[in-house]
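As a plain string of letters, each chain reads:
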Amino acid sequence: MLRSQSTKMLAVLLVIFAVSTLYFIFPTITVAQEEPKTFLTHTGLMIKTTGEVIDPIGYSGEPLEFNPDEFLRDFDYGIVTELDDGTILREFTITARDDQIMEVSPGVFYNVWTFNGSVPGPTIRATEGDLIQIHFINEGSKSHTMHFHGVHKAEMDGVFENVGPGGQFTYEFYADPVGLHLYHCHVHPVEEHIAHGLYGAYIVDPKEPREPADELVFVLNGLDTDFDGENNFYAANTIPFYYKHHPIQISTNQLVRAYVVNILEFDAVNNFHLHGTLFHHFPAGTDSVPSGFNDMLTMSQGDRQILEFEYEYPGLYMFHAHVTEFSEKGWVSSFLVKEQNEVKSDLIGNEPVI
Amino acid sequence: MSQSSKYKIAVSAVAPIVLLTILIVFILGSGSSFLQFGTVLPEIYLEKIDFVDSEIQVTVRNTGPIDVNVVVADVNDRIQPAAIEPDNHLTRFETALVRIPYDWNEGQPYAIGLTTNDGTRFEKVVDAAFPSLQPDGELVGYFALIGMYVGIIPVMIGLLWLPFIKKLSQNKYQFFLAFTIGLLLFLALDSLEEAFEISQNNLADTFNGTLLIGMVTILTFFGLYFVSSQLINKTKFSKISAPVSISLMVAIGIGFHNLGEGLAIGAAVGLGNLALSTFLIVGFAIHNTTEGFAIVAPLSKTKSVIPKLAAMGLIAGTPAIFGAWIGGFFFSPFSAIIFLAIGAGAIFQVIISIILWQRRENNFLSSWPLMLGISLGLFVMYITSIFI
Numbered sequence: 080m081l082r083s084q085s086t087k088m089l090a091v092l093l094v095i096f097a098v099s100t101l102y103f104i105f106p107t108i109t110v111a112q113e114e115p116k117t118f119l120t121h122t123g124l125m126i127k128t129t130g131e132v133i134d135p136i137g138y139s140g141e142p143l144e145f146n147p148d149e150f151l152r153d154f155d156y157g158i159v160t161e162l163d164d165g166t167i168l169r170e171f172t173i174t175a176r177d178d179q180i181m182e183v184s185p186g187v188f189y190n191v192w193t194f195n196g197s198v199p200g201p202t203i204r205a206t207e208g209d210l211i212q213i214h215f216i217n218e219g220s221k222s223h224t225m226h227f228h229g230v231h232k233a234e235m236d237g238v239f240e241n242v243g244p245g246g247q248f249t250y251e252f253y254a255d256p257v258g259l260h261l262y263h264c265h266v267h268p269v270e271e272h273i274a275h276g277l278y279g280a281y282i283v284d285p286k287e288p289r290e291p292a293d294e295l296v297f298v299l300n301g302l303d304t305d306f307d308g309e310n311n312f313y314a315a316n317t318i319p320f321y322y323k324h325h326p327i328q329i330s331t332n333q334l335v336r337a338y339v340v341n342i343l344e345f346d347a348v349n350n351f352h353l354h355g356t357l358f359h360h361f362p363a364g365t366d367s368v369p370s371g372f373n374d375m376l377t378m379s380q381g382d383r384q385i386l387e388f389e390y391e392y393p394g395l396y397m398f399h400a401h402v403t404e405f406s407e408k409g410w411v412s413s414f415l416v417k418e419q420n421e422v423k424s425d426l427i428g429n430e431p432v433i
Numbered sequence: 138m139s140q141s142s143k144y145k146i147a148v149s150a151v152a153p154i155v156l157l158t159i160l161i162v163f164i165l166g167s168g169s170s171f172l173q174f175g176t177v178l179p180e181i182y183l184e185k186i187d188f189v190d191s192e193i194q195v196t197v198r199n200t201g202p203i204d205v206n207v208v209v210a211d212v213n214d215r216i217q218p219a220a221i222e223p224d225n226h227l228t229r230f231e232t233a234l235v236r237i238p239y240d241w242n243e244g245q246p247y248a249i250g251l252t253t254n255d256g257t258r259f260e261k262v263v264d265a266a267f268p269s270l271q272p273d274g275e276l277v278g279y280f281a282l283i284g285m286y287v288g289i290i291p292v293m294i295g296l297l298w299l300p301f302i303k304k305l306s307q308n309k310y311q312f313f314l315a316f317t318i319g320l321l322l323f324l325a326l327d328s329l330e331e332a333f334e335i336s337q338n339n340l341a342d343t344f345n346g347t348l349l350i351g352m353v354t355i356l357t358f359f360g361l362y363f364v365s366s367q368l369i370n371k372t373k374f375s376k377i378s379a380p381v382s383i384s385l386m387v388a389i390g391i392g393f394h395n396l397g398e399g400l401a402i403g404a405a406v407g408l409g410n411l412a413l414s415t416f417l418i419v420g421f422a423i424h425n426t427t428e429g430f431a432i433v434a435p436l437s438k439t440k441s442v443i444p445k446l447a448a449m450g451l452i453a454g455t456p457a458i459f460g461a462w463i464g465g466f467f468f469s470p471f472s473a474i475i476f477l478a479i480g481a482g483a484i485f486q487v488i489i490s491i492i493l494w495q496r497r498e499n500n501f502l503s504s505w506p507l508m509l510g511i512s513l514g515l516f517v518m519y520i521t522s523i524f525i
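Sequence order for the protein chains is A and B. So for the first sequence, this note's numbering puts the first residue at 80; every next one is plus one. So for the second sequence, this note's numbering puts the first residue at 138; every next one is plus one.
The set of hints was computed from the structure by calculation and includes no laboratory data. These numbers were taken from a predicted model, which means no experiment stands behind them. Take the hints with a grain of salt, since some may be wrong.
One side of the interface only, derived from the structure: several residues of chain A facing chain B at Cβ under 8 angstroms [unchecked claim]: (1) ILE126; (2) GLY130; (3) ILE133; (4) ASP134; (5) GLY137; (6) TYR156; (7) MET181; (8) PRO185; (9) GLY186; (10) TYR189; (11) ASP305; (12) ASN311; (13) LYS408; (14) GLY409.
With a cut-off of at most 20 angstroms between alpha-carbon atoms, the simulated DMTMM-like pairs for lysine to aspartate or glutamate come out as follows [as the list claims (entries may be wrong)]: (15) A/LYS232 to A/GLU207; (16) A/LYS286 to A/GLU161; (17) A/LYS116 to B/GLU222; (18) A/LYS127 to B/GLU222; (19) B/LYS185 to B/GLU243; (20) B/LYS261 to B/GLU243; (21) B/LYS261 to A/GLU161; (22) B/LYS261 to A/ASP307; (23) A/LYS116 to B/GLU192; (24) B/LYS261 to A/GLU251; (25) A/LYS127 to B/ASP240; (26) B/LYS261 to A/GLU207; (27) B/LYS185 to B/GLU275; (28) A/LYS116 to B/ASP224; (29) A/LYS127 to B/GLU260; (30) A/LYS127 to B/ASP187; (31) A/LYS232 to A/GLU251; (32) A/LYS116 to B/ASP190; (33) B/LYS261 to B/GLU275; (34) B/LYS261 to B/GLU231; (35) A/LYS127 to B/GLU192; (36) A/LYS127 to B/ASP224; (37) B/LYS261 to B/ASP214; (38) A/LYS286 to A/GLU182; (39) B/LYS261 to B/GLU334.
C-beta: ideal position from N, C-alpha, C; glycine also.
Assemble the whole structure, with the sequences as input and the hints as a guide.
Listed below in structure tokens is the structure:
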């Protein structure tokens, strides 16, 4: 009697053990089979799947919070007043935050630190000699500053005067010299503050305006979403592969001026390669004579270049990092070049607004 | 026993369980607010990577404490479009199949990465890509043949030592018995080492591979000990009972061990590691001849055992075939570890049985044949293991 009971117990235990083991060994028993959908990758490989497609390269889902298309041709000229001596005063209010969680690539959520709510911050634009006032408000939980490249007094350098949480600071300097500069937070550890997104482009136009052109801003950056000191994603204007699946429309025989700022962290060198045409490039945009005519541009951390080019033939052209690792992790873009009369005229020409 | 005292016993048995349930409900519910500290990190584990036609397939499991989404797939740290079935949301312990269209090159190493919704990338490296085996008749037969070469035939050859052992004096016989113990001890340690290695390389930390191995080994040991003592009790009126049942237990133990060996060979073939698998087959064949010896040694003093011997040879050898099938077609680190640990536990039980059996008859444990036999057994196994 006793033996048969204990034998039963043993049998039950064995069955429980076996079933739970089997559950872990073979857990995926798909019950409902949906109609398979066909999925074609950018390299032409095709598979049929009943599951979900995860494809940041050919993404066609809901738009993400940050729209690189809007950023591309968006210039912040500030609130403009003319002072008694005829100087133009441009006032900007910039707020820093470090608590936003943003969808940086489809499905990937990352804590971005922002100037005015976006990465990159607004492209600040003035004309040589203008007086610039930046009303900086730190709404973050850490100290932040704004360090502008360019000519200014030491106390306006945004390096030693840390602005604590809830603090404010007004940076004041003249727009000098002409060129393409940048600004970023300079609080230690600087790498962390930049990697999280506290930077933006700063353009000083010459008094004599540059030739009218379709002007575009590319801030080359990366995202180290798992904090291992290596970028998981690379991009022109933050969102990996964005201009790959949303080509930038430009037109043939129209001068294009690209303001390219490299603010990539962790990788010493970034570059820019243009298909289908060559560009004149102006290092930091400080000189009016181009320093070369090329389709390759190598840039170190913090380097800027103004590129000027035109397309002769319509079609789809790539531009991307020729460090192919970067391009295959997001820094790959394309221009859709159309015949001149097909492009909406309001995209062309960015005359300074006074 | 009165009705009321029975009632009291029932209450005292159930009350702690009820109280514990209340405590757990409280902690998970309203009491959870003051227990919120620390950060919860998602975790996934890439359990298996298969290379099929122009496609890399990854079996991924959520081994972390919270739900995750798998949102990016990459090959060698380069982002690739992929499909994930049934969907990209994984609850705790759920698995999914990630299918990455990719023209991979045979024999080349690949690092496969998956990134979760918080941006963390998890990676698994495959030393050399080889097409995954699909079970068809030819392959099933092929694996059965390998199992025969490795399991059944060498064990049967080993059994041919019977007439030789029968002629031995008591001391020499004990020496060979101890030699067998040495062989078996080494096999058990070998199985455990293999199990720990698989647990280290292929099993997510969540599954506590080390504890699983210990647990299964101990359970097997006591389970088989129980079964074998029942067997001996049932046949206690027959004089040959003890040696036969010990032989049977040796055969069962070796059978589990050979299942593990079959797994190793099948997995090696499955991973395309043909050079390794040929070597494994030759090595295991030599090695397993000594296993036949281990089965036959306890039986030498009994008569008319040939049919029993053949059966035991099959019990010990056939599992190698099943092992090769499982290893080649459905390799799972979880099952491999369990089989290997069972093998180790079974062998430990056999060793204890032999020692107890011999101790009853002689002063076995402190004799020079034991010392010499065990040393030589371990040494021989160590030498053969170097060549496998």
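Structure-based check of each hint:
no. : hint                 : in the structure
1   : ILE126               : holds (5 angstroms)
2   : GLY130               : holds (3 angstroms)
3   : ILE133               : holds (5 angstroms)
4   : ASP134               : holds (4 angstroms)
5   : GLY137               : holds (6 angstroms)
6   : TYR156               : violated (35 angstroms)
7   : MET181               : violated (11 angstroms)
8   : PRO185               : holds (7 angstroms)
9   : GLY186               : holds (3 angstroms)
10  : TYR189               : holds (5 angstroms)
11  : ASP305               : holds (4 angstroms)
12  : ASN311               : holds (6 angstroms)
13  : LYS408               : holds (6 angstroms)
14  : GLY409               : holds (7 angstroms)
15  : A/LYS232 to A/GLU207 : holds (16 angstroms)
16  : A/LYS286 to A/GLU161 : holds (15 angstroms)
17  : A/LYS116 to B/GLU222 : holds (12 angstroms)
18  : A/LYS127 to B/GLU222 : holds (11 angstroms)
19  : B/LYS185 to B/GLU243 : holds (17 angstroms)
20  : B/LYS261 to B/GLU243 : holds (17 angstroms)
21  : B/LYS261 to A/GLU161 : violated (62 angstroms)
22  : B/LYS261 to A/ASP307 : holds (17 angstroms)
23  : A/LYS116 to B/GLU192 : holds (16 angstroms)
24  : B/LYS261 to A/GLU251 : violated (52 angstroms)
25  : A/LYS127 to B/ASP240 : holds (16 angstroms)
26  : B/LYS261 to A/GLU207 : violated (54 angstroms)
27  : B/LYS185 to B/GLU275 : violated (24 angstroms)
28  : A/LYS116 to B/ASP224 : holds (13 angstroms)
29  : A/LYS127 to B/GLU260 : violated (25 angstroms)
30  : A/LYS127 to B/ASP187 : holds (17 angstroms)
31  : A/LYS232 to A/GLU251 : holds (9 angstroms)
32  : A/LYS116 to B/ASP190 : holds (18 angstroms)
33  : B/LYS261 to B/GLU275 : violated (31 angstroms)
34  : B/LYS261 to B/GLU231 : holds (18 angstroms)
35  : A/LYS127 to B/GLU192 : holds (11 angstroms)
36  : A/LYS127 to B/ASP224 : holds (14 angstroms)
37  : B/LYS261 to B/ASP214 : holds (11 angstroms)
38  : A/LYS286 to A/GLU182 : violated (40 angstroms)
39  : B/LYS261 to B/GLU334 : holds (16 angstroms)
The structure does not agree with the numbered hints 6, 7, 21, 24, 26, 27, 29, 33, 38 stated previously, though it agrees with the rest.
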